[in-house]
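Asks: Letter by letter, the chains look like this.
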Amino acid sequence: MKLLLVFKKGSTLRWISHLDLIKVFEKALRRAELPIALSQGFNPRPKMSIALPLPVGTTSSGEYMELELEESMDPIVVKNKLNQQLPEGLQMMQVQVLPERGPAIMSVVDSSVYEIKVPLSEEETAHMGSVITTLQQKSEILVDYLNKEGRKKSMDIKPGIRTISWQMDINKIEIHVETSSRLFVRPNYVLQAIAAEMQREEWKIDEMDIHRVRIVLHI
Amino acid sequence: MQEQHHILQDSKLANVHKPTRYIGNEINQIVKDPHQTEVRMAFAFPDVYDIGMSHLGSKILYHVVNRLEWASMERVYAPWPDYEALLRREEAVLTTLENKTPLCDFPLLGFTLQYELTYSNLVNILDLGRITLYAKDRLETEPIIIAGGPGAFNPEPVADFLDLVVLGDGEEILPQLLHLYRDLQKKYHKRPPRKEFLMRAAEFDGVYVPAFYMPMYDENHIFQGIEKLVENAPLPVRRAIVKDLNQAEYPDALLLPYGEVIHDRAMIELFRGCTAGCRFCQAGCIYRPVRERSLETLLNQAKILIQSTGYDEISLISLSSMDYSQIESLVDTLLHDYGCQGVGVALPSLRVDSFSVDIAEKVQQVRKSGLTLAPEAGSQRLRNIINKRVSEPQIMEAVSGAFDAGWSSLKLYFMLGLPGETDADLAEIVRLAERIAGVYRQKKRQGRLRISISVSTFVPKPHTPFQWLGQISPEEIRRRQQYLRSLIRDRAIELSTHDVNTSDLEALFSRGDRRLSAVIRRAHELGARFDGWTEHFRFDLWKRAVEECDVDHRYYANHTKEITEVLPWEHLDSGIRKEWLIEQWDLALKELETDDCRFGPCSLCGVCMDYGVQNLLDKESNR
Chain A
85 MKLLLVFKKG STLRWISHLD LIKVFEKALR RAELPIALSQ GFNPRPKMSI ALPLPVGTTS
145 SGEYMELELE ESMDPIVVKN KLNQQLPEGL QMMQVQVLPE RGPAIMSVVD SSVYEIKVPL
205 SEEETAHMGS VITTLQQKSE ILVDYLNKEG RKKSMDIKPG IRTISWQMDI NKIEIHVETS
265 SRLFVRPNYV LQAIAAEMQR EEWKIDEMDI HRVRIVLHI
Chain B
5 MQEQHHILQD SKLANVHKPT RYIGNEINQI VKDPHQTEVR MAFAFPDVYD IGMSHLGSKI
65 LYHVVNRLEW ASMERVYAPW PDYEALLRRE EAVLTTLENK TPLCDFPLLG FTLQYELTYS
125 NLVNILDLGR ITLYAKDRLE TEPIIIAGGP GAFNPEPVAD FLDLVVLGDG EEILPQLLHL
185 YRDLQKKYHK RPPRKEFLMR AAEFDGVYVP AFYMPMYDEN HIFQGIEKLV ENAPLPVRRA
245 IVKDLNQAEY PDALLLPYGE VIHDRAMIEL FRGCTAGCRF CQAGCIYRPV RERSLETLLN
305 QAKILIQSTG YDEISLISLS SMDYSQIESL VDTLLHDYGC QGVGVALPSL RVDSFSVDIA
365 EKVQQVRKSG LTLAPEAGSQ RLRNIINKRV SEPQIMEAVS GAFDAGWSSL KLYFMLGLPG
425 ETDADLAEIV RLAERIAGVY RQKKRQGRLR ISISVSTFVP KPHTPFQWLG QISPEEIRRR
485 QQYLRSLIRD RAIELSTHDV NTSDLEALFS RGDRRLSAVI RRAHELGARF DGWTEHFRFD
545 LWKRAVEECD VDHRYYANHT KEITEVLPWE HLDSGIRKEW LIEQWDLALK ELETDDCRFG
605 PCSLCGVCMD YGVQNLLDKE SNR
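Protein sequences, first through last, are from chains A and B. Whatever position you read off the first sequence (first residue = 1), add 84 for the working numbering. Whatever position you read off the second sequence (first residue = 1), add 4 for the working numbering.
Keep in mind the hints are simulated off the structure, nothing from the lab. If you're wondering where the values come from, they're calculated on a predicted model, not measured in any experiment. A couple of the hints might just be wrong.
Said to hold, decoys possible - Selected chain A positions facing chain B (in silico; Cβ < 10 Å): (1) S95; (2) W99; (3) D104; (4) A112; (5) R115; (6) E117; (7) N164; (8) K165; (9) N167; (10) D290; (11) E291.
Claimed, not checked - Listed below are the simulated DSBU-like cross-link pairs for lysine-lysine, each with C-alpha atoms no more than 35 Å apart in a straight line: (12) B/K22 <-> A/K165; (13) A/K111 <-> B/K232; (14) B/K307 <-> B/K36; (15) B/K232 <-> B/K104; (16) A/K92 <-> B/K104; (17) B/K22 <-> A/K237; (18) B/K199 <-> B/K415; (19) B/K36 <-> A/K92; (20) B/K63 <-> A/K92; (21) A/K92 <-> A/K111; (22) A/K131 <-> B/K447; (23) B/K232 <-> B/K140; (24) B/K22 <-> A/K92; (25) B/K104 <-> A/K201; (26) A/K236 <-> A/K92; (27) A/K107 <-> A/K222; (28) A/K256 <-> A/K92; (29) B/K415 <-> A/K237; (30) B/K16 <-> A/K242; (31) A/K163 <-> A/K222; (32) B/K307 <-> B/K191; (33) B/K36 <-> A/K163; (34) A/K242 <-> A/K232; (35) A/K237 <-> A/K256; (36) B/K104 <-> A/K163; (37) B/K16 <-> A/K111; (38) B/K307 <-> A/K236; (39) B/K36 <-> B/K191; (40) A/K111 <-> B/K140.
Backbone N, C-alpha and C fix where the C-beta goes; we use that ideal spot for every residue, glycine too.
Go ahead and model the full structure; you've got the sequences and the hints to work with.
Replies: In structure tokens form, the structure reads like this:
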């Protein structure tokens with residue numbers, strides 16, 4: 085039986101890496117004594133996968149985990165048993181049954197929605213709406229990034245931006261960006277473009293409060 | 005009114021390399037409400053989280069204290085330099101992981117002394133925790149600083165920083181100290197006077213209060229003995245011993261670390277103490293006698309731990325696990341009960357014999373790893389001197405068995421600078437490795453052979469038969485290392501040696517006295533941190549601190565003391581009698597072995613007579 089679980093990762097747990105998260109889940113599954121299907125081979129691992137790694141420091145309320153059980157169980161029981169074994173800040177929110185022969189969860193990630201908060205001066209707050217409108221109207225948004233070899237590269241993120249909006253009442257930027265294997269727009273790329281448009285220096289790494297609201301799948 | 009200290013904002017962790025070292029919130033963490041807890045203690049491990057979270061002793065104490073309803077223990081580890089820089093930049097105080105409480109706000113703060121080169125970290129933790137460094141300068145509102153662990157058997161180099169030192173088994177003495185603190189707190193309705201607490205604590209076996217004793221020196225600055233400053237202070241100070249580990253507390257859950265830590269697996273402690281009698285080994289002297297847990301106790305603990313942690317590996321901890329009287333039954337049962345669940349068994353140390361290799365082979369059915377053996381010395385003569393009772397035929401039989409079982413990668417541990425060592429003995433190390441390579445090639449097996457020889461430098465340790473000896477000089481260490489390297493011809497043999505300056509500093513502290521506290525304080529001030537880590541070790545800072553404090557490094561590290569000399573740690577009783585140590589030294593000179601008293605006659609080390617204890621084996625030996 086295959087299950088899809090939605091979980092949130094918040095508070096101090098945002099500092100644990102993707103690899104750590106997998107370790108936490110593997111041990112939690114063991115402690116929960118659920119009939120998890122194991123992979124074949126010399127070093128069997130639980131058949132469990134996470135849709136999209138969450139960068140260290142980012143919180144989320146909509147991560148996906150796919151889980152395979154050896155026998156059928158009430159999905160709600162699975163969710164509750166697992167929740168009893170998770171540290172504070174990590175929680176399974178929803179669960180549903182997946183078809184046995186569906187595509188792997190990782191292969192169907194389309195895009196992500198983020199809420200971002202950064203420190204802004206009064207003037208910057210007042211201008212944010214128009215800055216974002218300007219960005220939306222551009223035909224190309226070039227940002228710098230470091231590739232795997234550590235070399236500086238430039239890319240156009242415009243095709244990957246689905247929506248971008250300024251939530252005036254809560255002083256947050258909401259973005260919906262493509263996060264697929266075809267095009268991956270990181271939220272800090274968008275922040276870089278905003279800073280450039282505002283002609284201010286980029287926000288420091290400890291000033292960015294980034295929250296993934298949900299992942300959009302194309303099933 | 006207590007000062008309010010700034011606590012680092014969580015978001016600032018984005019600036020450090022491994023933030024999970026500082027967040028706490030691990031599975032099986034115990035967080036108690038500070039306002040509902042009568043006695044709060046912080047426990048500091050003076051090395052990085054990755055090391056501290058691998059340490060079994062800390063986990064035992066965490067459990068022992070937190071199971072007391074009215075007491076709590078919270079953890080803190082040495083901040084890695086990037087995190088320290090962040091704390092200093094933000095003017096934030098070092099806190100515990102559990103409640104983010106500044107260290108200075110705890111009534112009690114304990115350290116474990118596992119390794120000499122963590123001493124600068126100890127000072128740094130006090131400093132970042134906003135605690136006055138020297139015990140004599142501390143205010144009544146500041147924590148009482150406690151230290152335990154193997155380093156407590158010569159705590160003199162750090163004595164000026166400590167209020168109280170715990171000798172021996174912590175699970176025995178720590179609850180007694182907390183009970184005492186609680187009683188006095190009830191009497192005073194607030195933090196009790198430090199002096200009164202220390203006076204009463206000193207009545208327990210295993211408690212040493214450095215301020216109650218004054219070291220004496222002659223006009224040539226030679227240590228002349230210790231003088232009591234308080235009439236009721238015990239002299240010598242006795243050690244705390246758990247007589248029967250089956251009755252002792254053991255964690256029913258282990259903290260699950262985040263990030264990559266050194267040992268990330270469930271651990272059961274098979275026994276404490278070791279009577280193999282290796283003459284260089286401090287652990288073999290200060291933890292006597294052997295106290296085994298029963299097979300039943302261990303299997304039960306293993307079951308509980310696997311359930312409460314979800315670990316897929318269980319490590320069998322002790323000073324020499326192959327000597328556990330029920331090792332075969334234990335390994336067989338664990339493999340039988342948990343193998344099908346994918347839970348493996350890890351053996352941290354093997355004895356150099358075919359029996360051990362057979363057991364290691366069984367364990368491999370679940371997990372594959374390298375094989376490590378420790379002959380310690382290359383020649384039979386030198387092995388006799390150090391009482392490492394293993395013969396060359398035994399070594400050959402063991403490696404032959406290992407090759408037959410499919411291993412092609414071996415790690416061999418040796419020491420350099422052992423007493424009586426000549427170049428011929430060193431050459432024997434290489435010859436032994438070559439003979440082992442020969443055994444492998446005769447078997448004409450597939451797969452590339454790799455023999456890694458790891459040669460550490462011998463550091464004489466207090467309370468051992470070699471405690472009087474100086475370490476060979478740094479120049480001589482270098483020469484012998486080069487000599488060894490020059491002998492390596494075989495491409496399958498790989499040699500690694502220890503850093504000379506590191507060994508030199510270890511030797512300074514190992515047999516140090518109280519005058520070294522000033523050196524440690526000064527080195528810390530100059531910036532010394534994580535001295536056991538190559539990337540952070542700054543020997544130049546230590547050299548400068550030693551010079552400025554007018555300390556003769558060579559005297560401490562390399563001077564061989566007379567048997568008649570008073571030793572700076574002699575007022576601390578490990579349970580071993582001095583006559584036995586002298587006798588062992590004589591036997592070493594004569595190149596004669598001494599039996600393990602588990603299997604042979606009692607060698608009269610004294611601990612059983614003087615402490616009313618005995619070797620406690622689960623099963624009569626048939627060796």
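Asks: Look at each hint and say if it fits the structure.
Replies: Each hint tested on the structure:
Because the smallest distance between the Cβ of A/S95 and any Cβ of chain B comes to about 8 Å, under 10 Å, the interface hint for this residue holds. For A/W99, the interface hint holds, the least distance from its beta-carbon to any beta-carbon of chain B being 4 Å, beneath 10 Å. For A/D104, the interface hint holds, the least distance from its beta-carbon to any beta-carbon of chain B being 5 Å, beneath 10 Å. The interface hint given for A/A112 holds, since its Cβ lies 6 Å from the closest Cβ of chain B, which is under the 10 Å cut-off.
Taking 10 Å as the C-beta cut-off, the interface hint given for A/R115 holds, the closest approach to chain B being about 4 Å. Hint status for A/E117: holds, given a least beta-carbon distance of 8 Å to chain B, under 10 Å. Here the hint on A/N164 is broken, as its CB sits about 17 Å from the closest CB of chain B, past 10 Å. Annotation: interface hint on A/K165 violated; nearest CB of chain B at approximately 13 Å, more than 10 Å.
Hint status for A/N167: violated, given a least beta-carbon distance of 13 Å to chain B, over 10 Å. Hint on A/D290 holds. Least Cβ distance to chain B is approximately 4 Å, under the 10 Å limit. Among the interface hints, the one on A/E291 holds; its C-beta lies about 8 Å from the nearest C-beta in chain B, closer than the 10 Å criterion. Among the hinted pairs, B/K22 with A/K165 is consistent with the structure: their alpha-carbon atoms are about 30 Å apart, no more than 35 Å.
Distance hint between A/K111 and B/K232 is unfulfilled; the C-alpha atoms sit about 53 Å from each other, more than 35 Å. Taking the CA atoms of B/K307 and B/K36, the gap is near 26 Å; set against the 35 Å cutoff, the hint holds. Among the hinted pairs, B/K232 with B/K104 is inconsistent with the structure: their alpha-carbon atoms are about 39 Å apart, more than 35 Å. Under the criterion of a C-alpha separation no larger than 35 Å, the hint pairing A/K92 with B/K104 is consistent with the structure, at around 24 Å.
Restraint check for B/K22 and A/K237: the C-alpha separation of about 26 Å stays at or below 35 Å, so the hint holds. A C-alpha spacing of about 51 Å is found between B/K199 and B/K415, which places the hinted pair above 35 Å, so the restraint is violated. A hinted pair counts as satisfied when its Cα atoms are at most 35 Å apart, and B/K36 with A/K92 qualifies at roughly 25 Å. For the proposed pair B/K63 and A/K92, the alpha carbon gap of about 30 Å is at most 35 Å, so the pair holds.
Straight-line distance between C-alpha atoms of A/K92 and A/K111 comes to about 18 Å, which keeps the hinted pair within the 35 Å bound. Proximity of A/K131 to B/K447 is assessed by CA-CA distance (about 41 Å); at most 35 Å being required, the pair is judged violated. Distance restraint check for B/K232 and B/K140: the Cα-Cα separation of roughly 16 Å lies within the 35 Å cut-off, and the hinted pair is therefore satisfied. Note on B/K22 and A/K92: the hinted pairing holds, with a Cα-Cα distance of about 22 Å set against a maximum of 35 Å.
At most 35 Å may separate the alpha-carbon atoms for a hinted pair to count; B/K104 and A/K201 meet this at roughly 25 Å. Taken as a hint, the A/K236 and A/K92 pair is honoured in the structure, with Cα atoms around 33 Å apart against an allowance of 35 Å. Between A/K107 and A/K222, the direct Cα distance comes to roughly 43 Å. Violation of the 35 Å bound is thereby established for this hinted pair. Annotation: proposed proximity of A/K256 to A/K92 holds, straight-line Cα distance about 19 Å (limit 35 Å).
Distance restraint check for B/K415 and A/K237: the Cα-Cα separation of roughly 45 Å exceeds the 35 Å cut-off, and the hinted pair is therefore not satisfied. Between B/K16 and A/K242 the CA atoms are separated by roughly 31 Å; this keeps the pair inside 35 Å, and the hint holds. Of the supplied pair hints, the one linking A/K163 and A/K222 is violated, its CA atoms being roughly 45 Å apart against a limit of 35 Å. For the suggested pair B/K307 and B/K191, the alpha carbons sit about 43 Å apart, so the restraint of at most 35 Å is broken.
The hinted pair formed by B/K36 and A/K163 meets the criterion: a straight-line CA distance of about 27 Å does not exceed 35 Å. Between A/K242 and A/K232 the CA atoms are separated by roughly 22 Å; this keeps the pair inside 35 Å, and the hint holds. Proposed proximity of A/K237 and A/K256 is supported: the alpha carbons are some 28 Å apart, at most 35 Å. Using a Cα cut-off of 35 Å, the hinted pair B/K104 and A/K163 holds, with the two alpha carbons roughly 31 Å apart.
Between the alpha carbons of B/K16 and A/K111 the distance comes to roughly 29 Å, so the proposed pair stays at or under 35 Å and holds. Annotation: proposed proximity of B/K307 to A/K236 is violated, straight-line Cα distance about 52 Å (limit 35 Å). Only pairs whose Cα atoms come within 35 Å are accepted, and B/K36 paired with B/K191 is accepted, the gap being roughly 24 Å. The suggested pairing of A/K111 with B/K140 is violated, with an alpha-carbon distance near 47 Å, which exceeds 35 Å.
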